[in-house]
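Chain H is fixed; fit chain G onto it per the hints.
Which chain is which? The protein sequence lines are H and G, in order. Heads up: the first sequence at position 242 corresponds to 242 in the working numbering, and the numbers run straight through without jumps. Heads up: the second sequence at position 72 corresponds to 72 in the working numbering, and the numbers run straight through without jumps.
One or more hints might be untrue.
What the hints assert, rightly or not - Below, simulated DSSO-like cross-link-like pairs (lysine-lysine); rule was C-alpha separation at most 27 Å, straight line:
id : chain 1 : residue 1 : chain 2 : residue 2
1  : H       : K129      : G       : K62
2  : G       : K208      : H       : K263
3  : G       : K66       : H       : K263
4  : G       : K137      : G       : K66
5  : G       : K137      : H       : K263
For the record, the hints were derived by calculation from the structure and aren't laboratory data. This one's a predicted model, so the numbers in the text were calculated from it and none came from an experiment.
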Amino acid sequence: MNETMKKGGFKDRLKTMLNVDFRRMFWAPTVYIMLAVSLALPVLILVMTSFVGGMSATDPQTGLPTTVEAFTNVWQAIGSAGGNAMRMDLTSMCNINLLYFLVAIFVCLFVGEDFRSGYVKNLFAVRAKKLDYVLSKTIVLFVAAIGMFIFYFVGAMIGGGIAGLSFDVAAVGASVGGIVACMVSKIFFALVFVSIALTLSSVGKQRLWLSILGSLAAGMLLFTMIPMMTPLNAGAFNVILCVAGGSLFAAGLGAVSNVILNKTSLV
Amino acid sequence: MGNAIEIRNLTKSFGKKQALNGLTMSVPEGSIYGFIGENGSGKSTTEKLICGLIQPSGGEIKLWGKDYRDPEMRSKIGVLIEAPGCFPNFTVWNNMKLQAANLGLKNEDEEIRRALHLVRMDGAASNKFKNCSLGMKQRIGIAFALLGGPKLLVLDEPINGLDADGMRIMREILTDLSRRGTTILISSHILGELEKIATHYGIIRGGKMLREMTAEQLNADCPTYVALKTDEIEKTRDILQRAFGRADMDEQTGEIRVHGAPAEAIARYLYARHGIAVSEIRTAKISLEEYYINLMQEGRK
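Chain H extracted, bound-state conformation (with noise of 0.2 Å):
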């Protein structure tokens, strides 16, 4: 009977949890989908704003002229410089920043679908504590985010490669070392979103419109907010804040998750 059961302490539940999350993740085409669209979206937006980019044009109603700013310097599709708050331009509008939203579409759907699916069942059936779930996901996600936020930095490699862009990092305002404070501050920021949509989930269940539409108009907020917190020429200090920021929503949120499985119906 159950022999065959491993012990069921706080590490090995979490094992297990993490044991089922991460196959359930890797044996799905979500998550390859989305790595998909994260390498391509870049290539997408640099190569064809490349060939729209640095028009003018007379607005026909206002008499204004208007002009699309174009990608000059690949680096501007990781992020700008200075950490000001959001500009209404081209190159603030479509960057890496766009992935946030991504991630938080796909912890929706990830989440979702055990609920959609009725594997919950079978999940807390034998599974009383519904926290090791919520870490569990939290971490699967964000190793999703991760790797999400990987392929979009390769994708704008491609991207700017194809489109002829700069790679001066001097051109931009930045260094090396300050773009890779920068990558790291913008994936611990995912935490953020990844602990709000789940959350969001938890509350959605097998509503899925309800989770994303609540990610998204969360993520919204939290949008202009991005620019300043993950500059391009971050440094120790943005990273603390970001690791720190990710942690505390991460625990905070996942607290609440925690309490919302746990009083309220799951089927």
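Frame of chain H; chain G shown alone:
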């Protein structure tokens, strides 16, 4: 032997709707407990509560004498609530691998093969779950529940959608598991099937336990009777009623049911005293289904 499940004054409300209203029940260890009730009586709610899928509004649930939230107790449960919780685009094998990982099984492949073999689904492992028939899905659901050799099986309508052969297989599996000491809580509307395997019964209505009994008690409450047919039904019934005290008419079959006398004596009495020839006569027993329907009708009155 103690109780595998012990429930005291369990209540559950969904908004204003009271689904369970002070339910008390005991499922003895090693029993096959037939959990019976009308739609909406609270069977599935009770099972979901036992499995920790929904939270009770009040009362207590104990598994082997410990709180039902105890992780050690939970690891001893196998569950099939409504449909099996599988990812439709995964193969049966991969779905089972996930559950094996969830249970932390050491010999995953061996355990999966054993469970699939038990439900006679060895050949279905490579099928995508969404391509399986309803009957196959139910059996896969049972295989899921059997992974890790649980000490308690909670099955909600597991024989729904199964063909005659599937039901027979299910019956054999459950009887075999029970023989090996597994406690089985099973709800079903197919009472004829339940009657063949259950050792204990619980009849629930309106979120309350109406009656709990063993199969022996049910047997005692369901006496045998003699069912017969003649050409003069009305007249015969009156005669038998006067002679044997109780003779009822079964509207559906057109039979007269006589209680408390052997078939031979009744036939002889009718022919010798009244010249009535019996065209058909048999000894039968009130089934669980009839018992249940009578109980429900009494309750409504």
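Evaluated hints:
| no. | hint | result |
| --- | --- | --- |
| 1 | K129(H) / K62(G) | holds, 17 Å |
| 2 | K208(G) / K263(H) | holds, 24 Å |
| 3 | K66(G) / K263(H) | holds, 20 Å |
| 4 | K137(G) / K66(G) | violated, 32 Å |
| 5 | K137(G) / K263(H) | violated, 30 Å |
This entry does not satisfy hints 4, 5, going by the numbered hints stated previously.
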